[in-house]
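Chains as they are written, first to last, in this note's numbering: chain A, 27 to 351; chain B, 27 to 351.
Any given hint could turn out to be false.
Pairs count within a copy or across copies, as identical chains cannot be separated in the list.
Claimed, not checked - Below, simulated DSS-like cross-link-like pairs (lysine-lysine); rule was C-alpha separation at most 27 Å, straight line:
| id | residue 1 | residue 2 |
| --- | --- | --- |
| 1 | K83 | K108 |
| 2 | K348 | K28 |
| 3 | K166 | K348 |
| 4 | K66 | K219 |
| 5 | K80 | K242 |
| 6 | K127 | K318 |
| 7 | K64 | K28 |
| 8 | K49 | K166 |
It should be emphasised that the hints constitute simulated quantities derived from the structure, not laboratory data.
There are 2 protein chains.
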Amino acid sequence: MKLGIYGYGNVGKGVELSAFQNKDVELVGIFTRRDKTKVKSEYGTAVYSADELKDFKNKIDVLAICGGSATELPTMTPELVKDFNVIDTFDTHANILEHFKNVDKIAKENGHVAMISCGWDPGMFSLNRLYAGAILPKGKDYTFWGRGVSQGHSDAIRHIEGVAAAKQYTVPVKETVDKVLKGEMKDFTMREKHTRECYVVIKEGADKKKIEDEIKSMPHYFDEYDTTVNFISMEEFEKNHSAMPHAGFVIRNGVTGKDDEHKHTISYNLTLDSNPEFTASVVVAYARAMMKERERGTTGCLTVFDIRPKDLSLKGYEELLKTTM
Amino acid sequence: MKLGIYGYGNVGKGVELSAFQNKDVELVGIFTRRDKTKVKSEYGTAVYSADELKDFKNKIDVLAICGGSATELPTMTPELVKDFNVIDTFDTHANILEHFKNVDKIAKENGHVAMISCGWDPGMFSLNRLYAGAILPKGKDYTFWGRGVSQGHSDAIRHIEGVAAAKQYTVPVKETVDKVLKGEMKDFTMREKHTRECYVVIKEGADKKKIEDEIKSMPHYFDEYDTTVNFISMEEFEKNHSAMPHAGFVIRNGVTGKDDEHKHTISYNLTLDSNPEFTASVVVAYARAMMKERERGTTGCLTVFDIRPKDLSLKGYEELLKTTM
Numbered sequence: 027m028k029l030g031i032y033g034y035g036n037v038g039k040g041v042e043l044s045a046f047q048n049k050d051v052e053l054v055g056i057f058t059r060r061d062k063t064k065v066k067s068e069y070g071t072a073v074y075s076a077d078e079l080k081d082f083k084n085k086i087d088v089l090a091i092c093g094g095s096a097t098e099l100p101t102m103t104p105e106l107v108k109d110f111n112v113i114d115t116f117d118t119h120a121n122i123l124e125h126f127k128n129v130d131k132i133a134k135e136n137g138h139v140a141m142i143s144c145g146w147d148p149g150m151f152s153l154n155r156l157y158a159g160a161i162l163p164k165g166k167d168y169t170f171w172g173r174g175v176s177q178g179h180s181d182a183i184r185h186i187e188g189v190a191a192a193k194q195y196t197v198p199v200k201e202t203v204d205k206v207l208k209g210e211m212k213d214f215t216m217r218e219k220h221t222r223e224c225y226v227v228i229k230e231g232a233d234k235k236k237i238e239d240e241i242k243s244m245p246h247y248f249d250e251y252d253t254t255v256n257f258i259s260m261e262e263f264e265k266n267h268s269a270m271p272h273a274g275f276v277i278r279n280g281v282t283g284k285d286d287e288h289k290h291t292i293s294y295n296l297t298l299d300s301n302p303e304f305t306a307s308v309v310v311a312y313a314r315a316m317m318k319e320r321e322r323g324t325t326g327c328l329t330v331f332d333i334r335p336k337d338l339s340l341k342g343y344e345e346l347l348k349t350t351m
Numbered sequence: 027m028k029l030g031i032y033g034y035g036n037v038g039k040g041v042e043l044s045a046f047q048n049k050d051v052e053l054v055g056i057f058t059r060r061d062k063t064k065v066k067s068e069y070g071t072a073v074y075s076a077d078e079l080k081d082f083k084n085k086i087d088v089l090a091i092c093g094g095s096a097t098e099l100p101t102m103t104p105e106l107v108k109d110f111n112v113i114d115t116f117d118t119h120a121n122i123l124e125h126f127k128n129v130d131k132i133a134k135e136n137g138h139v140a141m142i143s144c145g146w147d148p149g150m151f152s153l154n155r156l157y158a159g160a161i162l163p164k165g166k167d168y169t170f171w172g173r174g175v176s177q178g179h180s181d182a183i184r185h186i187e188g189v190a191a192a193k194q195y196t197v198p199v200k201e202t203v204d205k206v207l208k209g210e211m212k213d214f215t216m217r218e219k220h221t222r223e224c225y226v227v228i229k230e231g232a233d234k235k236k237i238e239d240e241i242k243s244m245p246h247y248f249d250e251y252d253t254t255v256n257f258i259s260m261e262e263f264e265k266n267h268s269a270m271p272h273a274g275f276v277i278r279n280g281v282t283g284k285d286d287e288h289k290h291t292i293s294y295n296l297t298l299d300s301n302p303e304f305t306a307s308v309v310v311a312y313a314r315a316m317m318k319e320r321e322r323g324t325t326g327c328l329t330v331f332d333i334r335p336k337d338l339s340l341k342g343y344e345e346l347l348k349t350t351m
């Protein structure tokens, strides 16, 4: 599979590393919208300007779109699917259906195949919600995120006057996770499910008390949670808060039996040292599966819900039945 | 979906109960190889003799084969797929490929579709091994079973002279599970991963010491494990050991990064009050997906590895993207 990487941020770098772990992947190149002379791969992968992509029309099987944030992908993916089979990590849950429809239309018009919203949530967590819900129709779903950085919440803090830098960790409340894992099926409040830990560097002369109050009372982002605010130096910030771990649980508790007397708990748990590298690893596996759909003549937009599990694996079907079933 | 149940043991009864939870399922009947006048559904489902199945050739969309043990299914499923689309729970891992080939050939010759080895292991555990292995190619898999009854081990004890009844629980060693969940990637011995708890009722005059020694030294079944043997009365046996809970973990620890410096743990955990009812719930969800494959013209044998996740759900695709992605 000839793979191109569009955008060389954290996920793009992760896709490059993941490609080295997968022997069926050949990296065609990295395409950057920055000045290409200033972007260098540590591993010698060729770097091209995004403008040069047009010369690669029939030389790339799948283009992994890693360049864009949630605001860029809605235009970037539909544009790129005109010329390529593409895969993206679009993660704004509320807009996935709209993004799907836009990409699907243009992919079909151009005879290409696309996959959107690959990663772990959306992605592996979505799959687990689907499987568990289909198996136990009578039940209740829980998703817990963390401990890990929430980009959106960190950004919200950074926009407060007097803040120089900020990281916000979402932390699941252990007692609540334990209750759910033990089969409890009640509704929990936002406050009961997650706490929010903030690490903030202030600008000289800024008012800590005012910033802390402003964070804690921010509607939706913080006001419904127990939030702790820690003011730290830029040095400490850079030393201790540059890693990108994340984690989370998808749990479904359901019942079966004559009188719903049998409880069942299905739980899926991820603990990740590197959120972007794990996301990238999911992207590469699904790029492989997408190519198999392509070989079957599929066009249009797909998601993890469409993909036959066997298509993700490097192993052949008989080998899968022997070693993995 | 018109569903027939072939065999009315624990799993068959579970399929009947699961059908009531799934509004797209219509139960056509239970087919028993016993005297049908002696088999009665608590819920009023029609009971037929297995011989009457021939009258239902075009009246059943999927026949769930729940009658057979590991020794019966290898002949039962290929025989029944001549006339029906069938689904089974064949669970002898070492023989799945062979069973697949037998069923696949006859299903194709007769224009039917079949699914084999549905349940949780093989089944949901297999899927999780596949997904995790595809995402993290550099890593190590662990499967832990229990606490739950192993039929094979219980049978092995029952065959010992002087034993009237026996149940064997496989129990994962908590310390080892915790180590693996924390990212450890070493090889563990059988003894380090599981212990075996036996509850045995002896016949009058039987020699407890001799039976205990015979159990603990039984090759493969017990000699490589720490085994405890508890002698109990038939009364206690019936009171405390008739439930069928089970549980287990599939865990993969993998690495990514320049120097494999980032560790990731993917874990899938089931805790089941009723092993057969949960298995049956998986069967019903996959029967639904099988019908969608059938509508696409698919024939032959399938497994959980072939099924598009979306086909398992009662929800439509757009609804899935809105609620589950």
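Going through the hints against the structure:
1. Taking the closest pair of Cα atoms, K83 and K108 come within 27 Å of each other only inside a single copy of the chain (10 Å); across copies the shortest separation is 49 Å, beyond that limit.
2. Taking CA atoms no more than 27 Å apart as the test, K348 paired with K28 passes in neither setting, with 29 Å inside one copy and 32 Å between copies.
3. Taking the shortest alpha-carbon separations for K166 and K348, only the inter-copy value of 17 Å comes in at or below 27 Å, while the best intra-copy value is 34 Å.
4. In this homomeric assembly, K66 and K219 never come within 27 Å of each other (Cα to Cα): the closest approach is 42 Å inside a single copy and 46 Å across copies.
5. For a Cα distance limit of 27 Å, the shortest separation of K80 from K242 qualifies neither inside one copy, at 48 Å, nor across copies, at 70 Å.
6. For the homomeric pair K127 and K318, the shortest alpha-carbon distances inside one copy (22 Å) and between copies (23 Å) are both at most 27 Å.
7. With identical chains, the CA atoms of K64 and K28 are at most 27 Å apart within one copy only, with a shortest distance of 24 Å there and 64 Å across copies.
8. Taking the shortest Cα distances, K49 and K166 sit within 27 Å of each other only across copies (18 Å), while inside one copy they are farther apart (40 Å).
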